[in-house]
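> Chain by chain, the residues:
Number of protein chains: 2
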Amino acid sequence: MALIVQKYGGTSVGSTERIKHVAGRVAAYRGKGHRVVVIVSAMSGVTDRLIGLARDIMPLPNEREMDMLLATGEQTTIALTAMALHALKVPAISLTGAQAGITTDGVHTKAKIQNITPKQVHRLLDDGNVVIVAGFQGQTPEGQITTLGRGGSDLSAIAMAGALKADLCQIYTDVDGVYTSDPRVVPSARKLGEISYDEMLELAGAGAKVMQLRSVEFAKKFKVVFEVRSSLNDNPGTIVKEETQSMESVVIRGVSLDRNQAKITLVHVPDQPGAAARIFKAIADSAINVDMIVQTASHGAGGATDISFTIDKPDLLKAKKVLDGIGNAIGFKHAAADENISKVSIVGVGMRSHSGVAAKMFEALADAGINIEMISTSEIKISVVVKADKGESATRILHRVFLE
Amino acid sequence: MALIVQKYGGTSVGSTERIKHVAGRVAAYRGKGHRVVVIVSAMSGVTDRLIGLARDIMPLPNEREMDMLLATGEQTTIALTAMALHALKVPAISLTGAQAGITTDGVHTKAKIQNITPKQVHRLLDDGNVVIVAGFQGQTPEGQITTLGRGGSDLSAIAMAGALKADLCQIYTDVDGVYTSDPRVVPSARKLGEISYDEMLELAGAGAKVMQLRSVEFAKKFKVVFEVRSSLNDNPGTIVKEETQSMESVVIRGVSLDRNQAKITLVHVPDQPGAAARIFKAIADSAINVDMIVQTASHGAGGATDISFTIDKPDLLKAKKVLDGIGNAIGFKHAAADENISKVSIVGVGMRSHSGVAAKMFEALADAGINIEMISTSEIKISVVVKADKGESATRILHRVFLE
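Just so you know, the sequences run in chain order A and B. The first sequence runs 11 to 414 under the numbering used here. The second sequence runs 11 to 414 under the numbering used here.
One or more of the hints may lead you astray.
Note that the list lumps identical chains together, so a pair holds whenever it fits in one copy or between two copies.
[Stated by the list, open to error] DSS-like, lysine-lysine: derived pairs with alpha carbons at most 30 Å apart:
no.: 1; residue 1: K400; residue 2: K219
no.: 2; residue 1: K328; residue 2: K99
no.: 3; residue 1: K99; residue 2: K120
no.: 4; residue 1: K330; residue 2: K291
no.: 5; residue 1: K129; residue 2: K42
Keep in mind that the hints were calculated from the coordinates and are not lab data. Since this is a predicted model, take the numbers as computed values, not measurements.
Sequences are here, hints too, so could you generate the full structure?
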């Protein structure tokens, strides 16, 4: 008999029919003698509808009030899910984030979990209940309702699993697990049986959409093992956990393609101390996330260099404006923007102990006539920027070379 | 500078446009220097939609979970109302029933307010905020979310006004106030400037739909003066308060028509002690509300009597079933049901000090050829049952005789 935390996302609870389906799955686990805590998101579409109502009233609503508003989405789902379990004669009780003891800081709309006091959850489990907890939300020590931001329900589940010392944390979603690559791009992509936190982090950072970075970081920090699996079938999913020795035998865990990046090149930046710092401070002050940064060697005597970096595509106009504003002061010639790029990454803890991975990657791309525009590496990831129309073929080639 | 509690019902906050309109009104009061607490209901239609979702899942959902579900309706409105005030540059903050310190008993879906601790409301008012409180909901001392049942938002407003010792409590609705009669039936009906709690109670009990009985009872008990007025215009409404001497100079305050009653006559009930008690206990045990009861004198020696009473029309079938089940045991001949009736009532504290009111009423109806089937009186009300097709004309005749 295990204590299992299950998290169901918005699509999995997107209608009363889907909620009944979720209840059936929960009831089956409970029927096997397990104790189950269920974390649910708002029904798909509800959060957007609520945001729409708020925007009808004012373009930039107060964030405390947004939390008050958005928290109703998950509260609706927990009540309906408890009812659906009752309909199956399973004792169940719903708790808001606050009632479940999820305490956060006071940064509304993107609060951080500070502490979980699962006394109430334990008591209700001991009484034989399935406990349904509203994901994505918590309460400050002063009793203000907060929400955790994008991916918040995953975070609720992983944090609750950690606090309860659960035997298993299952993240139910609309995909079967984590794949070696996006199956829509690489038809031969395979589902992974397991993956390390770090690989999962690098894949998420490289454009794989399965989970938000912060949930994986949280799981890594508190050593919460979790499984990503589908709510639409009974296939086993992918276990995400600490790196094991056996994981290193696989050189590359996955290949990811990110089409959402744009490249900016600053031409002829004076090769002076502090130039790069001033540039990236201006970018950061505008809340623009920079991903890859590459600086070429200085152009001989006289001292000027080119700096290229990538940002999220939607931030491109804003970044151009910032850079045009500081160009004269810093002394670079101009900022060239290129939206027509893709980033392709290979990820694997095995590359630490296998040499020649980068060479093999570049060679495979060269053989296919694909030009590399930028390169960036971390300990367990190599990313390259290529022309957008070469992104898919580069992904397929690297998958074939490293994973087939 | 006054402290004003304003309550807006579901229709008044039925869309984001309507909510902006409410915010404009609140802002105007605040602009005059008043401190304002706003109680809002769920947007019209929302509660029914939530009930529909629950019913999709099971026919009789658990009441604790219904409260968890329904409380989201008002929570949505408070957040949107606070935003609408922000859009007008008015500092405003929303509070759930629990946050506002509304403590109830644990009878889910029809909880009773036990206590209001408005510390938080006072603090936020002192900081210069308009405070928006979710109506219809509260929290048990153990932290369970509860709702107050039909008319609960009115109750929240009146209880909050009492707890805050507010100078004024305004109940905004879609009618202009309390009328001498239903203007759709009696075109010459007038809006009343003021009315006593008791008159309001008798009118509500007699079919006038302005407010639920329990809110008026609560206001009477805690001596909360309130005004019923329209959220669609700036006309003064009707003040509901304790009886004053001047109110007695008006004999009749209003005439009401209730088309929602049905009559049952039990023929030839044995004239024995306890027969009536057994009959009405059986009816009460089936949760059927009885309104008027009339027992005629015994039919000479041998001892049998007829008993007539009225109940809500939707309960008629259930009542027939109950009565058919106990007919033999108690010994009455049969239960005759009549749906084709209307109840017409005249109400006024002045009738205490004016004699001949009943005689004048019966005479007016007799002159119009309207037959009276049942009569029932209280200290400040006289009700008669007439054929359904005579209900409207009886109402108009009594309005003309007593109020024009």
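> Now tell me if each hint is right for this structure.
Verification of the hints:
1. K400 with K219: within (20 Å within a copy, 70 Å between copies)
2. K328 with K99: between (55 Å within a copy, 29 Å between copies)
3. K99 with K120: between (37 Å within a copy, 24 Å between copies)
4. K330 with K291: within (14 Å within a copy, 81 Å between copies)
5. K129 with K42: Within. Shortest intra-copy distance 24 Å satisfies the 30 Å Cα cut-off; inter-copy 48 Å does not.
In terms of the numbered hints stated before, the structure departs from none.
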